[in-house]
Amino acid sequence: MALRKRTKIAKREQSNSSAYWFMAPYVLMFLTFIIIPMVVAIGLSFTSFNTIQMPTFKGFLNYINLLTADDVFMQKVLPNTVIYALIVGPGGYVLSFIVAWGLSQLTSVPRTILTIIFYSPSMTGATAMTVLWRIIFSGDQMGYVNNWLMKLGIIDEPILWLVDSRYLLPIMIIVALWSSMGVGFLAMLAGILNSDEEIYEAAAIDGVKNRFQEVIYITIPTMKPQMLFGAVMAIVGAFQNGAIGVQLSGSNPTPNYAGQLIVNHIEDYGFIRYEMGYAAAVSVVLLLMVWVFSKLFGKLFREK
Amino acid sequence: MAGYKGSNINPKKFERGQIKIIILLLPLAIFMGIPIVFIVCHAFKPIDELFAFPPQILVHKPTLENFSKLFKASQSADIPMSRYVFNSIIVTAVVVIASIFMSTMAGYALSKLKFKGKNTILEVNNMALMFVAVAVMIPRYLIIDMLGIKDTYLAHILPLLAMPVGLFLVKQFIDQIPDALIEAAYIDGASDFKIYRKIILPLIKPAISTTVILAFQQVWTNVESSNLYINNESMKTLAFYLNTLSNANNTVAGQGIQAAGILIQFIPNLLIFLILRKSFMNTMAHSGIK
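Chains as they are written, first to last, in this note's numbering: chain A, 1 to 304; chain B, 305 to 594.
By construction, these hints were calculated from the structure, which means they are not laboratory data. Mixed in with the good hints there might be a few duds.
[Claimed, not checked] With a Cα cut of at most 16 Å, we get these calculated EDC-like pairs of lysine to aspartate or glutamate:
1. B:K502 to B:E487
2. A:K295 to B:E427
3. B:K418 to B:D479
4. B:K422 to B:D479
5. B:K365 to B:D352
6. B:K316 to A:E197
[Stated by the list, open to error] A few chain B positions that, by computed beta-carbon distances, are all more than 10 Å from chain A:
7. L368
8. P482
9. K509
Given the structure is predicted, the values throughout are model-derived calculations rather than measurements. Beta carbons are placed, not taken as given, at the ideal position from N, Cα and C, and that holds for glycine.
This is chain B alone, in the form it adopts within the complex (with noise of 0.2 Å):
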């Protein structure tokens, strides 16, 4: 009988057996990393070592030209950079407030209220978890276009709000709370509001963080929105901006300004996750498709 202990999940010590998994995950996790840490060596890179043969991973002697070569090139530009970080800023923000509100809103309705097509609802949007928006960008643009939208910062932001995962989650993590609870508020007199309110947004806070860090990925980096429903160019965002660079300078001299456009975008996903990063868990423990 000796031998297997059974259950290795979630050691709180470390055992020798582990060794042999991080052996295993090391190489991967190095091909993982490499592209990530070579980003941030070559933003800092001064100009010789771009032009460094043989070229080199990391960085010797860093410095912060390239971040002021960035703001620089953006002013000679008829548009300054700090236009399109305020473009990102106001569409990201609204965008992760509105799909909150809504993604809560409705997770609630479908999880704890009793109402007529919820059934339909519920398996339309679980369908909708396999939706590619590429694959609609053309009636998209025709939607955008009709509605009049085009060249305004609704044009970002109203084809993000819907986000079918983001719902999903959010409906299976109200689905926890016991109906009991929402019960004995409604006979103390609490109205569906005052539940959603007062007793369903405090206690989802794990699922809110996800609603967030899914919203704020998706719209941070989207360049579809200026890319085909924005053709004034004061209107389009930073993720565009920086593309653009990628496309026109793609000499040595401007790699290293386009790795700090990168890191520029790259940081602030990354604070958000490492922020949010415990209640994301908790929340994709109950996630799932039954």
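Chain A with its partners taken away, still in its complex shape (with noise of 0.2 Å):
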């Protein structure tokens, strides 16, 4: 009898037939609409599609053209997302985990209302959003960052926020920063809360002096996994979101191409003027794009 039992523990540990039962409905989801569209995204790169007529294949044609011929993505796309990622991806992190450990500092109540309010304007979802930020960057006086700066005498007369090429790209960034703690800042939080008593203690005797040294030596290290987390959550959130100033300005082009990002660019091509090819190769270099950022991030947890 024991000897059953132990052949039947025996052969589930090598491989278990159920398992594929349970993966399956997952990994036909994943397939379809994740795995598949990227292998297509990354064939169809190569070709010339108009949605009506079959592929034709072209090579690197898209690549060269997207890096030699097309001037709006070489000066204003490229410059714009990399400018873009850059502040709202690694700023938003950064921002995230500061206020997480601030919130970790305070007690419960105080903690759980803040916490709300950080986490809200992730909730509201993108488009949501954008009406909001319309009224408030309005671009005559009625608009409320209008008035408020003409009250201040900052400003004499209304500026056009959202059409004026020098400001749209800012307010991208302060909008894309709003709604920028989700889910990894949630993640940090938890880490830091979770985090062991005993390592605070026994640091503090073995001489850390103050709260910045405890999040540099203590804090980072131990709560590792969640900071990787968070990083990834915070670049994928970056990139995502980068269709709001299409939603800002209300126009694709946005005004001067001041505003326009990479997944403006995909769309632009794709839907507007049905070049599914060269859309395509632009898509392959978004997702590029996050890798590489992810990459970068993911060696900066690990090798420290």
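Two independent chains are provided; combine them into the complex using the hints.
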């Protein structure tokens, strides 16, 4: 009897056919809507495809055009995306960590209230919030920002915030930072709250003198997994929200391409000009960018 | 040796040192909170306050006028708002429930069962955390077209079901359950399905709440599917309808209606987070990329 039980477990240790039934629904959907689209995007990026005729193979032509002939991409879209992603990704991430750490130093009630305030912007949904920002940054003197600045005497006439190419990108960055405290932020807060008190006591005995040293030597190293998760979420979030420029200014392309990000470029070529092959090449570049950024973060936290 | 005592994390009592932190966080909290306060107030403003000059954030004489206008505006259109609400509720409910089962089943298999290809799936899923859905909107469109599910609920539902982040968090939570517990049940003759139903599901309630929050937020505010995969107006969702409102009436009078719409979209999200917050944070404590 005992022997039979043991063989049963041993058999289970090796492989387990019911596992495939457990995995099947997820894997099916994962393949259909995440993996295959990525493969198709890579495939299409080597073709010319207008959705009506069959795609024709063009080799690296789309990529060559993207890098050499697409002035808008090289002069506006790429710099905009890099500036935006560099500020919103790492910026939002550092901000999330500082806030999460600050919250962990508070007692339960104020912490809970503040957590909800910080998290609620990422709950409103990308489209909803643009309406709100369009009211706040409205270009006439009814706009809230214009009104405050004029009252304070900083400006004399209302500024067309969302149409002026000088201000669109900074406003996009502010809006994106505003909604950057999402899942990653909560993960980091939970990670700090969950850390072992004894380590901190030991560190205090070993000569950690202030909160700053404590954060650098204890908090961050003990919650590396959450830090890395937060970093990936921050980067993905930054790229995912890239369409806000078009929503804020109300036009694609954005005025003077000032708020044009790589996501808008995909939409522009894919759904406005129907050059799907070219749009797919831009998509592949976007996926590569996210991957490179995430790897950089990974290195930062793994090797320390 | 006097001075720093160490560990101020999750204090039980209020101390003076915490005032510094509050002063540090307060300006940021105001920056984050004002737009929310603003939208709530705007939704209840009567028309003369919307037009008031200089513009005010707070509402003085709250009214439900904007909400009734929102419903009336949709009555004069071909499709009543209730239709969009109905669509959104159906789609949201199906996505949330289906993704709970998919993520927990897959999480259980990846954490506790042995099978070929497990490590590959784990690695690919971890890579997919970096997946940016907007990058593949074109291939997704082609696939949905090929499957022949354009203009059906399935076009809203299917693309959102596989949630790499959800599976990732659930799997890590199941990792905390001791193997001995499952082996004991196995020796008592329980099948894998029974173990999943009787042991795993009851033990991972916090992880389930997490999936609910993540899935709900994704689907409830999603406009991509209505924009790209649905041509039939009567099949579109509330999020899409509210989005068109904001594009169509960008006038001062329209602002109140838009704010009311945003509030309707925001409240369910907030409620779900408030209800499930504790278990959500519990799951997050065990999350992370190792």
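Please name the hints from earlier in the document that this structure breaks, with their numbers sorted from lowest to highest.
As far as the earlier hints go, not one is violated by this structure.
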